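Chains V and H, in that order, give the protein sequences. No gaps in the numbering here: position 142 of the first sequence is 142 in full-length UniProt numbering, and each next residue is one more. No gaps in the numbering here: position 38 of the second sequence is 38 in full-length UniProt numbering, and each next residue is one more.
Careful, some of the hints might be misleading.
[Stated by the list, open to error] DEER-style ranges, computed between Cβ atoms:
no., chain 1, residue 1, chain 2, residue 2, range
1, V, A215, H, Y121, 39 to 45 Å
2, V, P128, H, A25, 34 to 40 Å
3, H, A12, V, L55, 39 to 45 Å
[What the hints assert, rightly or not] Some, not all, of what chain H presents toward chain V, calculated at C-beta under 7 Å:
no., residue
4, T62
5, A65
6, V76
7, L77
8, L80
9, G83
10, T86
11, I152
12, V193
By construction, these hints were calculated from the structure, which means they are not laboratory data. Computed from a prediction, not measured in an experiment: that's the story for all the values here. We put the CB at the ideal spot given by N, CA and C, even for glycine.
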Amino acid sequence: MRPDEPLIRWDWIGRNRSMIWELLVDNTVMGLLPVLFGLLLALPIGLACSRWRVLYQPASGLLNVVYALPSLALFIVLIPVTGLAERATVIIPLTCYALAVLVPAVVDGLRSVPDHVRQAAEAMGFTPLRRLVQVELPIAVPVVLAGMRVATVSGISLVSVGALIGRGGLGGLFVTGWQLRFPTPIIVGVVLVVLLAVAADGLLVLAGRLLTPWARARREAGEAA
Amino acid sequence: MSWLADFFGDPANWAGPYGIPVRLAEHAGFCALALGLAALVAVPLGLLAGHTGRGVHLVTFTANAARALPTLGLLVLVMLLAGVGTLPVLVPLVALAVPPILVNTCEGVRGVDPDLLDAAYGMGLRGHQVLLRVRTPVALPLILLGLRLAAIQVVATATVAAYVGLGGLGRFIIDGLATRDYPQTLGGATLVVLLALAVQAAFAVVERVAVSKGVSRRVRGG
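Same shape as in the complex, but just chain H (with noise of 0.2 Å):
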């Protein structure tokens, strides 16, 4: 455990422009905007496949095949095509992100009680009425589930982006290796799991916050 004490004792690795904080701050920055775009192309997708029942299977087909993307390829493919840059690591996280959002989205809103919709059609509701005030509410913790499990596999895999020369924690881990320097590269993958734990946490604490007392069953009769 020496090597805790070797990395995070250093006053060196926490000052400057290649610091811990702003190693953390470029990490984040990256994956927040991947999740960010992912979510703006994937949620409404899979809100409209579920909703209407049309593509299922090609929302499906494809979401899987994406993962097999892999992003290593992916990012130098990229790099080389486009040149270095910020923009082009975005594309393999996104590709990344997508299939368990688009996934969760479409089968959550599948997935509602058909009772539940008969009522709301019953009720007088249209077709994009259920879908947002009943299908979206009732579906919102598997759509969750999707952003979060998202959340964690970009986290983890930006470190990659590091091996084209760009920043984020990365940079510790592929450094680290390159010159046998064992302590950085464990600090820094003991970061990128922080960071995820983080990112678990605050969906803990958005998931408490959002989804309604009904759906999650913390209030029970009536």
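Chain V extracted, bound-state conformation (with noise of 0.2 Å):
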């Protein structure tokens, strides 16, 4: 970097606008899509695991070793398969990581259900799926809602790795910035994806909000008294 760059040049970022637009909105479903189908596939295999008990040891410790592969490695394994630069090439590994961090929250919110509640539901002639919809999921919302939120903000910032191959998003600026030595870009991609990521886990406390109205009847309740 010369001694007479500033930390950051405006104007280039005025002259980048649709591009800088193109990479945030690439950022953005590259970093939703994951979470959405790693919710998807997490509640069946969450729902396996806390009905089987015996099924959650193995799946757990599978999903550990998925937690633990670097996201690079990822991208590269499926080149082959899925293609160099391609959406799918950053999606698919960023989904093992969603599950990874959904199933255990799926299960724990699961075991979050009081005994009592099951039984009254039970007692009150539920079927066992529409205690599971009407009563066991909305009472694990809280819980499964804490692992979205990591899953997301998360997901939104590894996305990024994905430039290295070619599909990273804002991840493009810092691969850009580093090759040029120019700082603008990678502030401008680190700023964008730190907002997303906020403003994304933002919507979520609301869909908390609005998903589980008893407990803010609650939270009032207790503030009166």
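Make the complex out of the two chains shown on their own, each in a separate frame, by following the hints.
Below you can see the structure in the form of structure tokens.
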């Protein structure tokens, strides 16, 4: 980096607005889809694990191994299958990470349902499926949501490593900045990734409030008392 | 599976200044240093916030925002501004390790059964004694879990350091990618996973030794 180089060149940002916007959209898609897919897969797996307890130990062991895999290596392993610079090459490994976070969250969430609540639902004649959908899953929402927040925020920032194989959303700015020894794109990238993650996190918190109206009623009652 | 033999069977990969033992040691070195620094910052802060109940929201918010910091971006930025070296690579790794340690320590200390705390205060313990003798031992399993999660993430992510020309196991991955030598890439990834599993096992041992028998429910009754 040259000594007279300013930390941020605003004119560069102005000239590259449309490129930055495209990368932002790409990053959003590649960051959020894995959490969605991860949740869709984690629900049945988590249900199975809490139903048949013997499954949980091996499943969580396997997910722990997945969690330890370097994302960069996973991307590279997939290149022969899905192709270089394809979204799928980034989305598939990130889905595995989301799964590693979400399966324990689903299991813990279902375990957080008090036994007497379960028994009450049964006594009221709920079928197991209805009990699951109307009683157990709603009570599990806060715990599952906590897992989703972690998966979403780290997913959005992990996308950028994909830049090393040519598809990393805002991570592309890091590669550009490093190759040109030019800090502006790197700073823009870091700031946008953090803002994107914080915004997604905020939306999840809001969704959690809407999904658990009883918690708000309880909070307000608690404050009044 | 022939890549296993290609990579691990080649004696050239085991010897010299760029061999597997050297890269493994470099990698483990970065990671241990980053984890140690992160623990030095995050554990006391988490204990304090959890004990006093002050700043808990700030802790959770900052930790969550810090999780969003992209390691690759932070790495290249620090390298550009501060120059290539081992120290700059620690910045993104410490930033990666702090959130899980901080949140787990804070939540662990906060989540201690209030009856237990009443009993401790009733026995005449002072605030800091309650923190050190009651809250910390009871929260220890969660604190260790935070450290373990942080360690695994750091071990997996330290591979990125090779992109800016540093050593560690990422060298095998990045160089393998550059030369389309997939056995090398997969070999490097395998070593990272093995290191992460070794770290997991080490934490299991530490937990067994450090956590009080009463807390881990290995003794009952009394």
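Hints versus structure:
1. At about 30 Å, the CB distance of A215 (chain V) to Y121 (chain H) disagrees with the hint of 39 to 45 Å.
2. One distance hint, 34 to 40 Å for the beta-carbon pair P128 (chain V) and A25 (chain H), is violated here, with the actual separation near 54 Å.
3. Roughly 43 Å separates the CB atoms of A12 (chain H) and L55 (chain V), a value that falls within the hinted 39 to 45 Å.
4. Using the Cβ-Cβ criterion of 7 Å, the hint placing T62 (chain H) at the interface with chain V is not satisfied: the shortest such distance is roughly 11 Å.
5. Annotation: interface hint on A65 (chain H) holds; nearest CB of chain V at approximately 6 Å, less than 7 Å.
6. With its C-beta approaching chain V no nearer than about 4 Å, V76 (chain H) sits inside the 7 Å limit, and its interface hint holds.
7. For L77 (chain H), the suggested interface contact is upheld, since its CB lies about 5 Å from the closest CB of chain V, less than 7 Å.
8. At a threshold of 7 Å, the smallest CB-CB gap from L80 (chain H) to chain V is about 5 Å, leaving the interface hint in force.
9. Given hint, G83 (chain H) at the interface with chain V, is violated; its Cβ is 9 Å from that chain's nearest Cβ, farther than 7 Å.
10. Hint on T86 (chain H) is violated. Least Cβ distance to chain V is approximately 18 Å, over the 7 Å limit.
11. Of the supplied interface hints, the one on I152 (chain H) holds, with its beta-carbon coming within about 5 Å of a beta-carbon of chain V, less than 7 Å.
12. Because the smallest distance between the Cβ of V193 (chain H) and any Cβ of chain V comes to about 5 Å, under 7 Å, the interface hint for this residue holds.
Going down the numbered hints, you'll see the structure goes against 1, 2, 4, 9 and 10, while the others check out.
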